[in-house]
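Participant: Protein chains in written order, with this note's numbering: chain A, 1 to 377; chain B, 1 to 342.
It should be emphasised that the hints constitute simulated quantities derived from the structure, not laboratory data.
Ideal Cβ positions, reconstructed from N, Cα and C, are used throughout, including at glycine.
There could be a bad hint or two in this list.
[Said to hold, decoys possible] Per label pair, the in silico range of CB-to-CB distance:
#	chain 1	residue 1	chain 2	residue 2	range
1	B	D108	A	P300	13 to 21 Å
2	A	P14	B	D58	27 to 35 Å
3	B	E271	A	E102	52 to 60 Å
4	A	P300	B	R236	25 to 33 Å
[What the hints assert, rightly or not] Some but not every residue of chain B turned toward chain A, in silico, with C-beta under 10 Å:
#	residue
5	L26
6	R51
7	R52
8	D188
9	S213
10	V215
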Amino acid sequence: MIYLDHAATTPMRPEVWEAMAPFGSEAFGNPSGVHGVSRTAKNALEESRERIASIIGAKPLEIVFTSGGTESDNLAIKGAVLNSTARQGLVTSAIEHEAVLETADFLKRLGMPVTIVGVDPDARVDPDEVAGAVSDDTAVVSVMMVNNETGTVQDVAALSEAAKRANRDVLFHTDAVQAFGCEAIDVNQLGIDLLTISAHKFGGPKGAGILYVREGTALEPVIHGGGQELGRRSGTHDVASAVGIATAVESALDDRERFETEISAIRDHMERSLVDEVGDLVVNTPKTGRSSHHLNVRFPGVRNETLLMLLDQRGVAASAGSACQSGAATVSHVLEAMGLTPDQARESVRFTFGWTSTLDEADRAAMIVTDIASRLR
Amino acid sequence: MSGGVDSSVAAALLQEAGHDVMGVTLKLWSGPNGETPTAGCCTVSDAEDARRVAAQLDIPYYVLDHTDDFRDGVVDRFVHDYAIGRTPNPCIECNRTVKFDRLLSRLDDFECDVLVTGHHARSREVDGVWQLMRGRDAAKDQSYVLSMLTQRELSRTRFPVGELTKSEVRAVAADMGMRTAAKPESMDICFVGQRDYRGFLHDVAPGVFASGSVVDSDGRELAEHDGVAGFTIGQRRRLGVAVGEPRYVIRIEAGTSTVVVGRREELAVSEIGLEKLTWSRGSGSDGPVMAQYRAHGETAAGWLTEASLIFNEPQEAIAPGQTVAFYDGDVVLGGALIASAR
């Protein structure tokens, strides 16, 4: 199987699995406790926190462990909005992940002001538009660093700066789930208050993520309980996960240069092959300001549902939009926000590369894709 | 694969016979607000049942989105038919437009040779001509809902379960340890679910309900009603009429929003007008046929022409919008939509 769906998830790096193993057996403790068993777990947890913090330029206590990207997005946005005393709301973009958009919808139903800013055909958000949408009624702005479907990269520093010009107290959150591993992330350089990372997107365990919360930022917790994570996220810690996240974060950092050069070259190579072989192919991923590993393309006249099925039968794993509860593919809201019609969105397929991708895979996949696409037209 | 025991066993039988099988479930309806149905036919849990059977058989499994085709060909049609005073059979329209048309036309794209369903019917090739026949289990026979199929469809479809009785099907499923072996059949229209169809129409097309009069066959007004869509031919209850003896809906005149009721004798139908007549073998000629005009029912003898069927004996309560299937013994000759009845 040639796996080209790394944006959905990635295989765990072997060193991550190895690092996590002891925490299921001998180091099984609950970090919240007095005795030595707890202390061992607590030490490992806090050490993981420090390792992660140092890589993104944060302080350890600014790192909150969560169950992943979706939870982090929920905590960042609900936490900020529900913590504000006046009925302040949210400004976000039309291309965000459902974890942000569904949260926005929920808050809107609760009566908070919610503004969704549109994007250009490259799925780029305009800082001036964000500044225009932010008011005294805005508690938080959320714009993702790299879009999961097209790989469009936003200028987060500019967006945050624009938002804070309009309301200097507004918090800026960015979902960096697709960005970590390919973009340099320093929370101070970016000038942001909240940042979401999800470990399974860069070789770490699933159900594991973090939310960076700038010191002094008050959030209403989404999960109440025993008060772990300084009250921000209750629940017994999964120390194995925390260690897994830290190990994956370090491996991804070590690998970042390779992503920027090698992996992006592999992606570019597949793009060129497809463009050369498939006459009227349209590339949805923007030419500039793109991630190192996303390739979203449209095959006019071809149903992505059929193409993906046949690719699966021929051993290539790719995707389109997200799957609904029954398993059918849905029309991508991101592509529609960029200006594609539903029919055009239904002709689009996403290939995403990762730490295991090779040039040979890209070559073979391109041939298979070309063969199937030409037959289906 | 609907998640039911018939399609589960159909997949298993074909696989056992050595064929390369791929399972698909059709996503047809998202509810008026885009939600996936959790009651009625073709729900998320049905898709789950299908997926599990596919996993058990170790065959590729996909969910295909045909919501647009279904909305256009089945749901819109359903609403339109009620608006013009007909009683539609949406499952037949689904077969006609979605399953054996849109889905069938994708077979080549999928690099598949035949489409297999769990319908209780049989097909066979005799001297190069494909024949559709009743399933072996007369009580479960579904050839009626397949009566619109012609050579184009029959040549690329197989109905493996038609050779078995329903209990034999369940036995095969139980033997294989399928969880769907004892699953009850769904009797609901998949997009209506457990609601009354009137509730569905009120939600989706309230304009279909225009008030009018209930009259007797002399034209005398007996009551008021709030929409012809709430009535079907032969209906006895909920007429809002009390004349001391039963009355039945004998005619629906959608144009004037009038429902005509009469005595039982007035339900007699001697001739039906036909639309969308198809012959299994591609063409046919006027002549005597055995006609079945209910999903499960006896056949009645009649004389068929391109435009109508004249029954030898009067039949009772036939609703325009329903389907009539023509048989020669167990072989399906063709079918048509009932456009009018008198």
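Participant: Would you mind marking each hint as holding or not holding in the structure?
Facilitator: Results for each hint:
| no. | hint | verdict |
| --- | --- | --- |
| 1 | B:D108 with A:P300: 13 to 21 Å | 19 Å, holds |
| 2 | A:P14 with B:D58: 27 to 35 Å | 29 Å, holds |
| 3 | B:E271 with A:E102: 52 to 60 Å | 57 Å, holds |
| 4 | A:P300 with B:R236: 25 to 33 Å | 56 Å, violated |
| 5 | L26 | 9 Å, holds |
| 6 | R51 | 7 Å, holds |
| 7 | R52 | 12 Å, violated |
| 8 | D188 | 17 Å, violated |
| 9 | S213 | 44 Å, violated |
| 10 | V215 | 47 Å, violated |
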